[in-house]
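> The listed protein sequences correspond, in order, to chains R and F.
Everything in the first sequence is counted per the numbering used here, starting at 1 for the first residue and increasing by one.
Everything in the second sequence is counted per the numbering used here, starting at 1001 for the first residue and increasing by one.
Warning: the hint list may mix true and false statements.
Said to hold, decoys possible - Distance ranges between label pairs, derived from CB positions:
1) R/Phe708 <-> F/Ile1025: 22 to 28 Å
2) R/Gln659 <-> F/Leu1010: 58 to 64 Å
3) R/Gln443 <-> F/Leu1125: 57 to 63 Å
4) R/Arg38 <-> F/Asn1121: 52 to 58 Å
5) R/Gln654 <-> F/Asn1121: 55 to 61 Å
6) R/Asn678 <-> F/Leu1125: 18 to 24 Å
To be verified - Sample of chain F residues at the chain R side, in silico, Cβ under 8 Å:
7) Lys1050
8) Arg1111
9) Glu1134
Honestly, the hints are just simulated from the structure, not real lab data.
For every residue, glycine included, the Cβ atom is placed at its ideal position computed from N, Cα and C.
So you can see what is in the structure, the chains are spelled out below.
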Amino acid sequence: MIQGTAPGSGIEAFAADTGGVAEEFKNEVLKLNDFLRRYHPSATDAKHDVLQDRYRIELSTPLPEFDGKTTKAYAATDLAEPSRLLFALICQPGTVQRHRAIGILKTITHQCILPLASAGSVQLSRPEEERFVIFYERPQGKKLSELLAEHQHQITPHFVCDRIIAPIASAINQLAELDISHGSINPDNIYFSDMAVLGPCVSEPCGYSQPFYCEPLERMQAMPSAKGEGSTAQDYYALAAVVLYVLHGAKHFTEMNPELLARLILREGVYNAMTRQKEVPEIFYDFFRGMLCQNADDRWSHRYLKPWLEGKRYNVLSPPPPLEAIRPFEFENAQASTRRELAHLFCTDWDKIAESVRSGKLTQWVAVSLRNKDLAEKVARISRSVVDLGFKNEVQLTEQIMHIILLLDPNGPIRIKNLSLFMDGIDSLCAELYANKAHQELQMLAKFIEFNMGNYWMELQRKGSPNYTIPTAVNTILIKLERLRTTMRYSGLGFGLERMLYELNPEMPCLSPLLRQWHVLTLPQLLTRLDRLAPNLSKEDEPLDRHMAAFLASRLSIQHEIRLHDLASSPTLATNRAIIALHLLSMAQQKSGDMRLPGLTHWLVLRILPALDAVHSRSLKQKIKAMLMEQAKSGYMQLLSDIVVTSNYASADQTGFHQAWSLYLMNESRIAGYRKGNRIDQESARFGFIIGKALAYGALLLSLFTVFRGV
Amino acid sequence: MAKAFLPLLLVVGLALVVLLQFGFIFLLLALLPSIVAFFIDRDPGKPTSKIVFACNLAATMPSLMPMIDAGIKFRHYDTSLTLSNPSTWLIVYSGAAAGWCLIYLCRYVARFTVTLLYEYNITMLEGQQKRLIEEWGQQIKHPPGMSPPPEL
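When you get a sec, could you build the whole thing from the sequences and use the hints?
Okay, here's the thing in structure tokens:
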């Protein structure tokens, strides 16, 4: 009756069940409902469609040319400076933005980076929702791709160098100094009036919408949402791709697809695959050979690019093609000649990899064809583990195969079953998988985190480069993962996949169906929203769904499963969602400072009342309910929690119930005993004899007395 | 107790033979209903025979006392007069009969009293059960998932 019933029904059932006194409570419940009906908390000061009282979104003027994969663009006005033309990118709920980059880009002004005016959550008027919105200054000129499509004449190398490469290189250098990457440098995101200006890049995970040909191979192999922040090395690579696009036109890449380009890069090297042996002006020889390097460390950065732009020539040699094995490795009717190519090939059919590993073919190929003794030993060790595991433990088997792929391609993404990710892309990948409801992949990601599988990747990075320093984004994610690992063991309310989502993405708003139309990021926001929602919530909603619980647990840093120890003697109460909600929300209210939330307290009391039917003692129940109703007026959930959660009434009730039960059974047996016919017969006979004996002995004594008196 | 009963009876019997002489025959004949009751009484502690014996003896005492008195004072007592007097036997056997009547009468009185007492107890207990149900609810009759208390 307590769980899974519609609110109110439990109360009515209670009222019907307990007669006269319950009528009194029915009145109290009516009073609570009446309070909620009349409750109108003070409205927010936030104006519709306006951020910080300054940036207004013109929802009637959409700007589809600035739309992103996960954003819609509208014209915007700076109320403090109306002449300034802006556009607003309205983000979809549940998507991830680059908050660190937003924070940095808001503070900088660079002539070749589109100025980011502001960002934050805005209450929209249409739809009536709160969304995260990013305000950019509207770029002048056209998109580079549109300009090239319109332009009929040959573009001179000097024009490319002075108006495209130099400004973009300067912008990338500025970003490198700020320790962020752009991740979205492509012909559709470069605006051109008199020089190139980089377009927006913070409304989605780094490289999410980047065309495949503008990404280095390892990022191309990763899932779009799991590329991670990377570094500006990828931006320089993208710059080279843009220059190829400018020189050869859009057709240069239209005949390619990601798989074809990846195979070409793996076979022929990046330079050959990207230039496709096409003639380029001599001036760009050094540029492409320097920029189109597979290894990010060897790739040109501003250090080489600036002197080159100033006229210095390096006579860079064409990068050598990848080192090939003596004999190719055959896998699923395809051949791989390099270890990297084999790693790529393996990922086309994950289930067949174990077979190749178990058969020893791979160890032999690495030892004989690649002639890499060190690698062969490592592969042989893992192969033995795979053989020992057999088909028993799928998670461990998957991990071992992941190790093999990482050994073959240590610079590539971490590939594990259907996932292909970089460590610093785990957070955005999790959000994307959650949004797409990809539960199988999410479970795999959860296992990856729980079993600390990323540790092997870290080891390989450290061994691969003695001077390896952990990038800021990777370091941040490692701290998050360390913290998350302890919580992954639990699956109860406040944990599980939802907890993983909020721990990995602290800027992710609460995705609870109740709060979906608001951008709730903090505990005070959540409490305020729930308080305002209280009048509409009382009859239909769960007091605490998994999203809200996980969000609260994450913000309250709860590391162990939520157990209400004081209610342990009554499992029905201890597991009741309304009571757990009260516990969590009271903690949130305490953490949020002095907030009075009468709507929320009344709603919670209404939800808790049916749950109290689990208390056996009627008088205790009456007392608790009366106290709850009294404290609901205060607006402080801690006071309710003190009554329901932390006082030890549950164990007292349980002990009392046991004693009462024993007494009831004893009385039952005594009544049955009294009603037994033969017992009455026996007892009356026994008692009859006692009376008889007493009278007979009395008569004897009287006779003796009389006789002795006579004598 | 039962072992000591027979030697004690023998000693008392011998003492009475010495004391009463022919009066002992009167005593045996007078207590005949008690002897019969002793043998037919199957109840533990033989309460029926005790009642019959007490009543029988109470009725015998007026006739027996002069014999005991003569025996103590070493005087001769003519027992035949007592034995031949029908009223003596009427009183003696009426006493035994009164003992039997007392048994049946007391049983009815006791039954009435016990029934009254039990009904009172039942009413009290049922009142307590009702209060328990009011306080702890109907589930006290069959608490879900609970094993009976060990003391029961």
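> Could you tell me which of the numbered hints above are not met by this structure, giving the numbers in increasing order?
5
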